[in-house]
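Engineer: Spelled out, the chains give:
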Amino acid sequence: MVDAIIVASSVQEVKESLSAVSSLGDVEVLFYGKNTDNAAEVAKLGVKVYVLKSQHPGALFNAVKKLYDEKKPKVIVGYGTKNNRDALSRLAGTYDLPMATDVIGVEFKDDHIIYKRGFLSERAIATEKIPYPAIILVNAKVFEPVQREGSGNIEEITIEEDSVKLLEIKPKQLSGINLEDAEIIVGVGRGFKKKEDLELAFKLAELLGGQVGASRPIAADYKWLPEDAWIGISGKRVAPKLYIAVGISGAPQHMAGVNNSKIIVAINKDKSAPIFKLADYGVVADLYQFLPVLIKKLEEKKGK
Amino acid sequence: MGDIVVLVKPSLNPDMTRSKPDGTVDLDAIPLKLDDIDANALEAAKELKNTLGGKIIALLLLPWGPVQKRTRELKMVTQEALARGADEAYIVSDEKLLPGDPIITATVLSNAIKKYAPNASLVLVAEASIDQTTGQIAGRVAAKLGLPFISYARKITINGDKIVAERDVEDHIEVMEASLPAVVSVTQEINEPRPPTLLQIRRAGKKPQKTLSAADVEPIPERKKEPVEYKILTVSRKQIIIEGDTLEEIAEKLIEALEKEGVL
Ligand SMILES: Cc1cc2nc3c(=O)[nH]c(=O)nc-3n(C[C@H](O)[C@H](O)[C@H](O)COP(=O)(O)OP(=O)(O)OC[C@H]3O[C@@H](n4cnc5c(N)ncnc54)[C@H](O)[C@@H]3O)c2cc1C
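Sequences listed follow chains A and B, in order. Each residue of the first sequence is one higher than the last, beginning at 2 in this note's numbering. Each residue of the second sequence is one higher than the last, beginning at 3 in this note's numbering.
In short, the hints are calculated from the structure, not lab data. In this text, all values refer to a predicted model and were calculated from it rather than measured experimentally. Be aware that a few hints might be false.
The calculated DSS-like cross-link candidates involving lysine-lysine, where the alpha carbons are at most 30 Å apart (straight line), are [what the hints assert, rightly or not]:
#, chain 1, residue 1, chain 2, residue 2
1, A, K54, A, K75
2, A, K66, B, K164
3, A, K130, B, K98
4, B, K146, A, K130
5, A, K110, B, K233
6, A, K195, B, K255
7, B, K71, A, K130
8, A, K83, B, K157
9, A, K67, A, K49
Construct the entire structure; sequences and hints are all you get.
Structural biologist: Listed below in structure tokens is the structure:
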């Protein structure tokens, strides 16, 4: 009898998911995608590993469904990555399973599950209750990764893709910067008028020994920065000691990604911008006038 | 060839979050609005309409009650959907379906598509909503209708009886091709929705719309999600506006404050 199946495409996801279901019994893992060479590392956690060397969302759905049909687990758990959401929402629709996403806390009771998740674009926290069997997708870095030694079997599975064809994979330009580990982040938003102007933010970040992150439109829509700079509910969640938001309005979907910062500074020319209520220190000014002055002052200090 | 169904969600507006004295969310006091990325889905439908040759059907379901109190807001969301390009609207509104449960929502929407939009060749859904943000309705509906599914589309083109979409995955883009009819979830990046013009708003009032009850969209599955508590997340930030006669002075004060905080 398998209690939980973890669906994951990286070792870290497996370790954190294992931690989320640590109160349950037997756990098996469906390990898929580009990192399947690391399957041995997963098996060392003492779990049975099914390896699917595909990242086709339809193949993943078919694989998850096959395992679900065979094993009848009480819980399917994983990160809320786009591939997981795609495949598992289809599984949920197929069997009318409850599915909780963006989970930040979960308790597996005898006959039901209680979880916590963001609500109203994370202006609130919802606590909700669902019966078994269920799908639980957890946020990254909420559960302490499990460290343990064991040996599980690895079994490769081959699964048909569905009727949707994957014609081409286009790589994205990524910076490779790990914003999650940055101590200081300068966040840039649509207050910047063109890509070249971001130089001001880079200058500031460099002086502070920090990194540059962005609101979703800057990274995903305008592509002025690589997409791994995208901070927020659908991007990265960061927790620097200092977050300086420049030309960012303070939409809840953005702030969800920075609310764990120790200190938040907002620089915005609109004194009624929502971000000022969500920041520790605010400067009401045009970024094009204020950033050069701030940079100059910091340079002076450094020079001393 | 076929109609385009756009799922439109009247969502609680997070910018108008209201709290009860005990710190829980005052759900009934938060107004509904047409969900953000639904505007992108409607815009995408407008762009594809000529190629597909059919009409745009907006399908709404009221997820928050009480029905009586929400009537006017629901009407406004419907009007907006019609002004943003839908040719007609079906609105499911019934106390029995409240509060929204993704299992019930997806089933009701799928039943409504089968019954009221039998010629649909494309169902467009936003990647996620602003109130619940679970992003699971599109996949559920695809599974229920047994249709090909492409999620997180940033770009779509119709090619004969096929749809080609650029699917956004975290670190790459996948170009996917599916036969129509299909269900596609769209991202915010797919387009820049144009606000409706006055003329479009005026015309919206004359477009056909039909309100449906639970009885029209049966069978309805059992509810599985029970709310326990919705609590306001209080962010206690200092909210200090740094003022000064010159930008130099402000910059100095800011640096000083950050040094005191020990974050520089
Ligand atoms: C489901 C969903 C998920 C989302 N996920 C995310 C996410 O993960 N991350 C994210 O960031 N967004 C996300 N969004 C989008 C979000 O709702 C906002 O649209 C976005 O964050 C706005 O970005 P912005 O603050 O850069 O731009 P705007 O809201 O346009 O703000 C620009 C600000 O710049 C100020 N400004 C303009 N000129 C100047 C100047 N010269 N000097 C100083 N200030 C100036 C303006 O006053 C304004 O406040 C999501 C939305 C949805 C619906």
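Engineer: Would you mind marking each hint as holding or not holding in the structure?
Structural biologist: Results of checking the hints against the structure:
Between K54/A and K75/A the CA atoms are separated by roughly 25 Å; this keeps the pair inside 30 Å, and the hint holds. Only pairs whose Cα atoms come within 30 Å are accepted, and K66/A paired with K164/B is accepted, the gap being roughly 26 Å. For the hint pairing K130/A with K98/B, the CA-to-CA distance comes to about 19 Å; that is within 30 Å, so the pair holds. Distance check on the hinted pair: K146/B and K130/A sit about 24 Å apart at the alpha-carbon level, within 30 Å; holds.
About 22 Å separates the Cα atoms of K110/A and K233/B, which keeps this hinted pair within 30 Å; it holds. Proximity of K195/A to K255/B is assessed by CA-CA distance (about 29 Å); at most 30 Å being required, the pair is judged to hold. Pair hint K71/B plus K130/A holds up; C-alpha atoms about 26 Å apart against a cutoff of 30 Å. Restraint check for K83/A and K157/B: the C-alpha separation of about 16 Å stays at or below 30 Å, so the hint holds.
Proposed proximity of K67/A and K49/A is supported: the alpha carbons are some 16 Å apart, at most 30 Å.
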